[in-house]
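Number of protein chains: 4
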Amino acid sequence: MAYSGEPILAADLLFRPTHSLIDQSLHSRMGATTTNGDGFGIGWYGEGSTPAVFKSVEPAWNDENLHEIAGQIRTPLLFAHVRAATGTPVQRSNSHPFRHEDWLWMHNGSLRGFHDIKRELMMAVDPSLYGDVRGSTDSETLFFLALTFGLHDDPFGAVERAVGFVEAVGRAHGIEHPVQMTVATTDGESTWVFRYSSEQASRTLFYSTEISALRRLHPEVEVLHRLGDETRLVVSEPLRDLEGAWTEMPEASAAVVRAGHDDIRPFHPAVPA
Amino acid sequence: MAYSGEPILAADLLFRPTHSLIDQSLHSRMGATTTNGDGFGIGWYGEGSTPAVFKSVEPAWNDENLHEIAGQIRTPLLFAHVRAATGTPVQRSNSHPFRHEDWLWMHNGSLRGFHDIKRELMMAVDPSLYGDVRGSTDSETLFFLALTFGLHDDPFGAVERAVGFVEAVGRAHGIEHPVQMTVATTDGESTWVFRYSSEQASRTLFYSTEISALRRLHPEVEVLHRLGDETRLVVSEPLRDLEGAWTEMPEASAAVVRAGHDDIRPFHPAVPA
Amino acid sequence: MAYSGEPILAADLLFRPTHSLIDQSLHSRMGATTTNGDGFGIGWYGEGSTPAVFKSVEPAWNDENLHEIAGQIRTPLLFAHVRAATGTPVQRSNSHPFRHEDWLWMHNGSLRGFHDIKRELMMAVDPSLYGDVRGSTDSETLFFLALTFGLHDDPFGAVERAVGFVEAVGRAHGIEHPVQMTVATTDGESTWVFRYSSEQASRTLFYSTEISALRRLHPEVEVLHRLGDETRLVVSEPLRDLEGAWTEMPEASAAVVRAGHDDIRPFHPAVPA
Amino acid sequence: MAYSGEPILAADLLFRPTHSLIDQSLHSRMGATTTNGDGFGIGWYGEGSTPAVFKSVEPAWNDENLHEIAGQIRTPLLFAHVRAATGTPVQRSNSHPFRHEDWLWMHNGSLRGFHDIKRELMMAVDPSLYGDVRGSTDSETLFFLALTFGLHDDPFGAVERAVGFVEAVGRAHGIEHPVQMTVATTDGESTWVFRYSSEQASRTLFYSTEISALRRLHPEVEVLHRLGDETRLVVSEPLRDLEGAWTEMPEASAAVVRAGHDDIRPFHPAVPA
Chain A
1 MAYSGEPILA ADLLFRPTHS LIDQSLHSRM GATTTNGDGF GIGWYGEGST PAVFKSVEPA
61 WNDENLHEIA GQIRTPLLFA HVRAATGTPV QRSNSHPFRH EDWLWMHNGS LRGFHDIKRE
121 LMMAVDPSLY GDVRGSTDSE TLFFLALTFG LHDDPFGAVE RAVGFVEAVG RAHGIEHPVQ
181 MTVATTDGES TWVFRYSSEQ ASRTLFYSTE ISALRRLHPE VEVLHRLGDE TRLVVSEPLR
241 DLEGAWTEMP EASAAVVRAG HDDIRPFHPA VPA
Chain B
1 MAYSGEPILA ADLLFRPTHS LIDQSLHSRM GATTTNGDGF GIGWYGEGST PAVFKSVEPA
61 WNDENLHEIA GQIRTPLLFA HVRAATGTPV QRSNSHPFRH EDWLWMHNGS LRGFHDIKRE
121 LMMAVDPSLY GDVRGSTDSE TLFFLALTFG LHDDPFGAVE RAVGFVEAVG RAHGIEHPVQ
181 MTVATTDGES TWVFRYSSEQ ASRTLFYSTE ISALRRLHPE VEVLHRLGDE TRLVVSEPLR
241 DLEGAWTEMP EASAAVVRAG HDDIRPFHPA VPA
Chain C
1 MAYSGEPILA ADLLFRPTHS LIDQSLHSRM GATTTNGDGF GIGWYGEGST PAVFKSVEPA
61 WNDENLHEIA GQIRTPLLFA HVRAATGTPV QRSNSHPFRH EDWLWMHNGS LRGFHDIKRE
121 LMMAVDPSLY GDVRGSTDSE TLFFLALTFG LHDDPFGAVE RAVGFVEAVG RAHGIEHPVQ
181 MTVATTDGES TWVFRYSSEQ ASRTLFYSTE ISALRRLHPE VEVLHRLGDE TRLVVSEPLR
241 DLEGAWTEMP EASAAVVRAG HDDIRPFHPA VPA
Chain D
1 MAYSGEPILA ADLLFRPTHS LIDQSLHSRM GATTTNGDGF GIGWYGEGST PAVFKSVEPA
61 WNDENLHEIA GQIRTPLLFA HVRAATGTPV QRSNSHPFRH EDWLWMHNGS LRGFHDIKRE
121 LMMAVDPSLY GDVRGSTDSE TLFFLALTFG LHDDPFGAVE RAVGFVEAVG RAHGIEHPVQ
181 MTVATTDGES TWVFRYSSEQ ASRTLFYSTE ISALRRLHPE VEVLHRLGDE TRLVVSEPLR
241 DLEGAWTEMP EASAAVVRAG HDDIRPFHPA VPA
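Residue numbers (the working numbering), protein chains in the order written: chain A, 1 to 273; chain B, 1 to 273; chain C, 1 to 273; chain D, 1 to 273.
None of these hints come from the bench; they were simulated from the model.
It is possible that part of the hints are untrue.
[As the list claims (entries may be wrong)] For each label pair, taking beta carbons as the anchor points, the in silico distance ranges come out as: (1) B:237 to D:157: 28 to 38 Å; (2) C:129 to D:6: 33 to 43 Å; (3) B:6 to D:266: 37 to 47 Å; (4) A:48 to D:6: 42 to 52 Å; (5) D:256 to B:153: 36 to 46 Å; (6) A:6 to B:271: 35 to 45 Å; (7) D:256 to B:67: 39 to 49 Å; (8) A:123 to D:265: 29 to 39 Å.
[Claimed, not checked] In silico contact screen, one side only, chain A against chain C (beta carbon under 8 Å); selected entries: (9) 65; (10) 71; (11) 242.
Every value quoted in this text rests on a predicted model; they were computed, and no experiment measured them.
Note that beta-carbon positions come from the ideal geometry of N, C-alpha and C, so glycine has one too.
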């Protein structure tokens with residue numbers, strides 16, 4: 001989940017089920033009944049320009065420290081993720097969100113056959129960045145490929161090049177559908193989101209309707225009056241059965257979320273030069 | 001799950017899905033898709049008379065150390081438990097099985113209103129035992145009440161007196177149905193199992209059919225040929241859809257599992273003198 | 001360590017060695033070279049009146065999440081503790097600071113023979129509080145005795161009665177010197193500190209000199225210019241070899257630290273009525 | 001510490017201070033008073049040919065599960081290690097011993113400037129092995145270089161080539177003394193140990209005197225009578241002040257430890273072809 005907007009208490013987003021935009025199913029997502037509680041992480045911007053990350057291998061619902069700090073963090077931009085491990089160890093350094101300088105990155109999905117193509121992918125990571133890779137996941141590798149291909153300057157293009165590269169390497173190794181992904185990444189100001197898979201059947205991704213429109217639709221939902229007009233939520237699945245609240249991102253699309261103006265566009269992987 | 005019989009590799013019981021008595025659903029029980037992965041523990045007898053316990057707050061499927069040692073433990077008696085926390089902290093000292101001297105104890109269920117009656121229950125624990133309570137759960141308290149009421153000498157009677165006491169205290173505090181339980185406890189030689197609830201709608205408990213009968217029924221299941229005739233498994237839910245393999249313990253009943261001869265009898269809580 | 005004063009970034013207190021009031025020896029206290037890294041905890045006041053606690057069983061220096069959140073917490077009142085376990089399990093619920101409603105409590109030392117007198121001490125805890133005890137330490141029990149004997153209304157008297165009670169019970173059990181302690185406790189406004197032991201040879205406790213005086217003494221120490229005049233630090237050992245910075249609490253004494261005015265007085269255990 | 005010889009209970013090696021070959025200082029090594037308790041691990045051979053590893057980020061003295069299983073593991077070959085982290089995360093996958101198929105590997109020391117040369121070192125790891133690297137340490141990288149350069153067939157030569165390669169790459173990056181190490185590695189039958197550093201001032205390494213000779217020297221030390229004649233211990237520092245018990249490995253030397261016959265020889269790094 002990616003939140004941006006007025007500063008909000010993290011606990012209100014993560015753990016306040018009743019009369020909130022995020023209902024009981026978030027508890028599921030956060031680990032109580034989740035299919036795979038293989039780690040949890042939140043990243044947020046506050047003091048300084050570099051985001052903080054609180055990551056854990058505990059199911060989120062059991063992490064007392066997470067509950068404690070969520071009640072103390074007030075932030076305008078929060079990423080929250082529950083990991084479904086796909087072969088690499090469950091450890092804090094393999095939990096999302098990943099961070100590099102002022103950027104955060106979350107990825108749901110996988111790079112198929114990663115064990116066999118990891119070396120080739122890692123060799124394409126810029127030498128100056130290689131030593132900063134702290135974990136061993138496909139998700140973090142994809143992040144560092146995006147950084148290598150220009151995430152700082154051209155996020156849409158950088159991710160298109162990263163995905164194009166992984167698909168090329170994967171297919172050279174006989175992997176038919178190398179990439180399955182939804183991705184959210186941010187520099188603390190804007191958030192870019194992506195939905196794509198090689199097999200053209202991607203995991204879902206939804207973004208929230210404008211809060212002012214939602215308030216008119218559902219005047220009885222209390223939290224909507226506490227959220228500012230610039231509130232944007234991007235989630236894997238609609239987190240609350242509130243009619244009109246969520247719009248699905250199209251297959252093979254990307255968007256940027258920033259104050260005032262959003263932008264959805266097609267996503268086309270490109271093999272980097 | 002409680003296993004007794006020929007020495008068996010713990011990994012064969014816990015993690016060997018195919019051609020095994022315990023199939024994919026055990027993976028669920030062990031944490032991958034479990035509703036509440038609030039800790040896991042195994043206890044077993046090997047060197048010396050005192051059992052060892054390996055307990056953790058991680059979901060079992062993610063606990064690499066558990067996988068490692070399960071491949072090295074060969075034991076004739078193993079207890080395995082996944083905890084569903086009911087209000088007390090998730091920490092190793094609150095994971096089952098609990099141990100006192102040579103005894104192990106596991107409990108599925110809860111003592112309702114425990115927060116309000118805990119003090120009265122703990123005051124009834126024998127003073128010589130009080131300091132040995134290491135955690136804060138209702139399950140461990142019930143264990144220490146059973147120890148207080150004579151578990152070493154008369155397991156059936158001790159548990160009947162412990163449950164009777166909890167029900168009396170609970171009802172005095174306005175709790176209509178104080179006790180919900182299935183319990184397994186062992187001294188390393190025999191295992192006693194109990195199924196009871198104040199509301200007469202207890203969680204399920206099953207025991208395995210004799211292995212020789214099972215072998216005749218299912219000659220194709222490989223593991224049955226590796227298990228000895230004295231194999232006994234007691235489980236919360238049938239772990240494999242193998243016809244004839246599991247018999248349900250009746251409501252309000254108890255049994256002792258020991259080499260050669262089993263014994264099922266009714267369970268009647270009794271307020272201790 | 002107990003800090004009160006102007007809001008300060010927790011990381012500046014815990015982890016900024018150079019040009020700071022807390023130098024490399026704090027790193028020791030925080031776990032890198034500590035004699036017993038049996039858990040670490042911080043408690044602080046921020047959003048709402050109830051303090052948050054971040055507690056862990058990891059050595060503090062290795063706890064990446066602690067580093068992350070310390071860079072994001074700005075607070076006027078912070079407690080930090082490293083635990084030296086004396087027999088009870090190392091688990092989050094046994095780490096300090098302990099919390100009850102708006103109060104925090106830290107204790108260095110031990111109640112000797114605790115295993116044998118625990119039951120009698122716990123039976124003296126007010127029944128309405130009994131269920132709130134989450135761990136199993138002597139330190140938490142002492143806290144709940146202090147709450148029982150009136151910590152909210154008369155902190156000095158409550159702790160004197162709690163200590164007097166423990167000494168009476170201990171001596172009845174043949175324990176010659178039952179209590180060794182330095183204690184810090186706060187309600188978010190004022191902080192009370194205590195130094196006492198039954199054997200009259202207590203662990204050390206120091207408080208900081210007024211910052212304005214320190215600035216005149218040591219104009220070269222940069223951080224002193226960033227700390228407000230109301231800064232108060234109470235520590236177990238002088239954390240920096242800065243002459244004139246620390247004054248030792250006398251044997252058998254107590255003090256209250258609050259904006260504007262401090263107050264040191266003798267400490268006399270009293271057996272409660 | 002590397003033990004080989006008669007099957008022994010792991011707890012006797014790790015935790016039995018009195019009348020044992022390993023005295024109180026082992027407790028230090030195991031974490032109670034260690035300078036850097038950044039993880040602990042044991043590896044041992046038992047069921048099957050592949051060793052099991054129990055690794056943790058907890059200080060060893062606090063790891064209750066470690067104590068539990070140590071009382072149940074009886075093995076003829078045990079590796080035990082306490083990690084002093086040098087920049088990479090403290091996580092289970094970064095704890096020693098590392099394992100690959102039937103081999104275990106432990107390393108005390110560091111590869112200096114690792115962050116800057118990691119990429120070049122990892123690119124030299126055989127492509128078929130690259131995906132098996134699970135952590136991010138210099139120690140594990142050195143292991144995989146040794147595997148690449150023929151550890152299975154020629155352990156002495158493989159480690160000489162691995163070290164020679166690291167030194168060549170390091171010096172090309174302006175690192176004057178790239179390698180500081182003592183290493184122990186085993187295939188379950190023989191154990192190879194190495195002591196070397198680029199600066200010719202290596203960390204210490206000691207091996208135990210023949211048990212029969214020790215028994216004659218110290219008839220009063222009880223455990224010596226329980227250890228078989230083939231007992232070999234290799235340790236970083238003499239674990240007990242027992243005269244004549246320990247011999248220091250020379251600077252720049254290597255040895256193989258196997259039943260019946262040991263073999264010490266000079267160690268000369270060689271840049272691989």
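Evaluated hints:
1. B:237 to D:157: 28 to 38 Å: violated (56 Å)
2. C:129 to D:6: 33 to 43 Å: With a Cβ separation near 55 Å, residue 129 (chain C) and residue 6 (chain D) fall outside 33 to 43 Å, so the hint is violated.
3. B:6 to D:266: 37 to 47 Å: Hint violated: Cβ distance 53 Å, outside 37 to 47 Å.
4. A:48 to D:6: 42 to 52 Å: violated (58 Å)
5. D:256 to B:153: 36 to 46 Å: For residue 256 (chain D) and residue 153 (chain B) the Cβ distance comes to about 57 Å; the hint is violated.
6. A:6 to B:271: 35 to 45 Å: Cβ of residue 6 (chain A) to Cβ of residue 271 (chain B): about 59 Å, so the range 35 to 45 Å is violated.
7. D:256 to B:67: 39 to 49 Å: violated (31 Å)
8. A:123 to D:265: 29 to 39 Å: The hint (29 to 39 Å, Cβ to Cβ) holds, given that residue 123 (chain A) and residue 265 (chain D) are roughly 37 Å apart.
9. 65: holds (5 Å)
10. 71: holds (6 Å)
11. 242: Violated, because the Cβ-Cβ distance from residue 242 (chain A) to chain C comes to roughly 27 Å (cut-off 8 Å).
Checked against the numbered hints given earlier, this structure breaks hints 1, 2, 3, 4, 5, 6, 7, 11; the rest are met.
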